[in-house]
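Asker: Using the hints provided, position chain W relative to the given structure of chain B.
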Amino acid sequence: MERTFLIKNPSVMVFIALLALFTVAVTFLSEGLGTGFISTAMVKTLGMTLCFCLIAIAMDLVWGYCGILSLGHFAFFGLGGYMIGMWLMYARTEDIVAASLANAELPPTEQEVVDAIGTQIFGVVGSSEFPWVWAFADSLLIQLILVVAVPGLLALIFGWLAFRSRVTGVYLSILTQAMTLALSLYLFQNDSGLRGNNGLSGLQNIPGMADTPQSTLSVWFFWASAVALAGGYLFAAWVVSGKFGSVIRGIRDDEARVRFLGYPVEGYKLFVFTLTAVMAGIAGALYYPQAGIINPAEVAPIASIYLAVWVAIGGRGRLYGAVIGAAFVSLLSTWFTGGRVPDVNLGFYTIEWVSWWQVALGVSFVLVTLFAPKGIGGLVDLFINRKTPDRHGEDLGPDKGSLREKEADA
Amino acid sequence: MSTLLEVSGISVSFDGFKAINNLSFSIGPAELRAIIGPNGAGKTTFMDIVTGKTRPDEGQVLWGEKSQSLLRLSESQIAQTGVGRKFQRPTVFEDQSVEDNLLLALKKNRSPLSVLGFRKSSADGDAIAALADEIGLGDQRPRKAGELSHGQKQWLEIGMLLAQDPQLLLVDEPAAGMTLAEREHTTALLKQAAKTRAVVVVEHDMEFVRRLECKVTVLHEGSVLAEGSLDHVTQNQEVIDVYLGR
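Residue numbers (the numbering used here), protein chains in the order written: chain B, -3 to 406; chain W, 2 to 247.
For the record, the hints were derived by calculation from the structure and aren't laboratory data.
Beta carbons: idealized from backbone N, C-alpha and C, even for Gly.
One thing to keep in mind: the hints can contain errors.
[To be verified] Footprint (simulated), chain W over chain B, 3 or more residues, beta carbon under 8 Å: (1) 100 to 113; (2) 243 to 249; (3) 259 to 267.
One chain only, chain B, in its complex shape (with noise of 0.2 Å):
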């Protein structure tokens, strides 16, 4: 059954087989590891960006086949982060603290080791307690199951309330822009439990592994964001390539329709926005480490938008195309906004592309809209030398997310 899966999406062995070699190759080119071509910082860029391309793959799921253009998905992504990140931070504090109580003439009781992690992380914020919410970070396992229940459970709340009252189109983008400003605010704040503006910092450091240097780690982590991204392209390909995508791709285009023929569009909806916040939540856990740091600006509703800017560069409707799109963007942006990028000199003005970057961004956006709907994914058409046929209406469906004739593939 599974051998007749992989021939039937002959895309997902071509990506599985790509994503593998792209592996082992910055291996044997990293610093950790192999040769040292390739710094350890651009080692974590490409593991990050991995891990855009599993949230991508989650949007594409979402937006591109189920047509909820969620713009709120980073928020499931910052969440991830979070909750991997108090368990990070506090277990790498207690080590120092253990360390720096160590040298005392009577060893601390457990409360003392306790307050003193306190300090330590919540002294920016003027704060030694610990917030309810720090209640299971000594433990691993609960933090890293929260990892996938925390986004899950907040995805499963707001999609009940925002489907059951039958929202949908830009109103419904609106609202999930709503919830993930909302979440940024209220992170922002002090009382908020999680350090307010600062964040959570230090999370590139893994307790336990202090003698295990950076260049080592980044190659472990890459690999652990690659074997994620891989098993959430194989998961969400068999999830979309059965009746399941079938229905999904249906509601889409013609929501009214499905629900005539029987099927519960709400409890679709609500599946596929919670399965998708998940997938997000994971790709978060796997960034923060890399990243090293988060703060309540990550989940600021920008980031959501950009995320459907990759795929809808990348083009959406085909797995592929999200990833594509995801690593493309974000790399360029990468060495963009590096300064790396020659300025270029016009006598009368010269532009600095770390801020006309985003302009060039914006202006790639509504050209790849206008005239090459099927974005950087479609030209794996022109390759494979599928035609597109030759319809005559419009829209492939009544509804706001349903897919443009243009985007359709054969």
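Answerer: Then chain W, alone, in the frame of chain B:
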């Protein structure tokens, strides 16, 4: 004769306009019925109420032998109970193949988890092949529904209705935009379907209704004006005044 669907005394108004006014209607388990009436007579609203899209202000919609009320069910629950609906414009999933369209409609468990684990059996394949042959799309199965002609889309939609295996079929203007030959095929399909289930056809075209050779209900301003054979209702003076005479 037992009744499958019993609609009694329903009224619904939109912004003070009474779209349906104390309408009563019933149909047996294996019956073909045509509903005619001028524009704005409430034909589509009537279908909306039966399928759960619109809630009536008053009245009852009872279903089946147990006289279950449909008013408390959602659209998808009503569809699962056995009410199938065909829209005025052909609404098929254009981005998906004829095969996938039929598979979507095929009577199966509709819950997300069971659909996620669903894999097509060979029996399902045979059922789809038989249906595709019946609606004249046997050799078009791998094609995308969006590429089909208008008439073929209409048939595909009728095929999807049959795949749902509903006890009651609500069909809104099935012959709109069809050629004469296509109409005859459609008539045959509907008549065949009505041998085992109830079929309600809303139609403007009198010639088409005549070919169906069935009982006719005339709607006007949201309630039933006349009911009986086509010849009977066309001789009714009121019907002539409000509908045929124009």
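Asker: Using C-beta distances, would you say chain W covers the segment 259 to 267 of chain B, given that this needs three or more residues below 8 Å?
Answerer: holds (count 6)
Asker: How does the coverage statement for the segment 100 to 113 of chain B fare against chain W, requiring three or more residues with Cβ below 8 Å from a Cβ of that chain?
Answerer: The restraint on the segment 100 to 113 of chain B is violated, since only 0 of its residues have a Cβ under 8 Å from chain W and three are required.
Asker: Examine the segment 243 to 249 of chain B: at least three residues should have C-beta closer than 8 Å to a C-beta of chain W.
Answerer: holds (count 4)
Consistency with the previously given hints fails for number 1 only.
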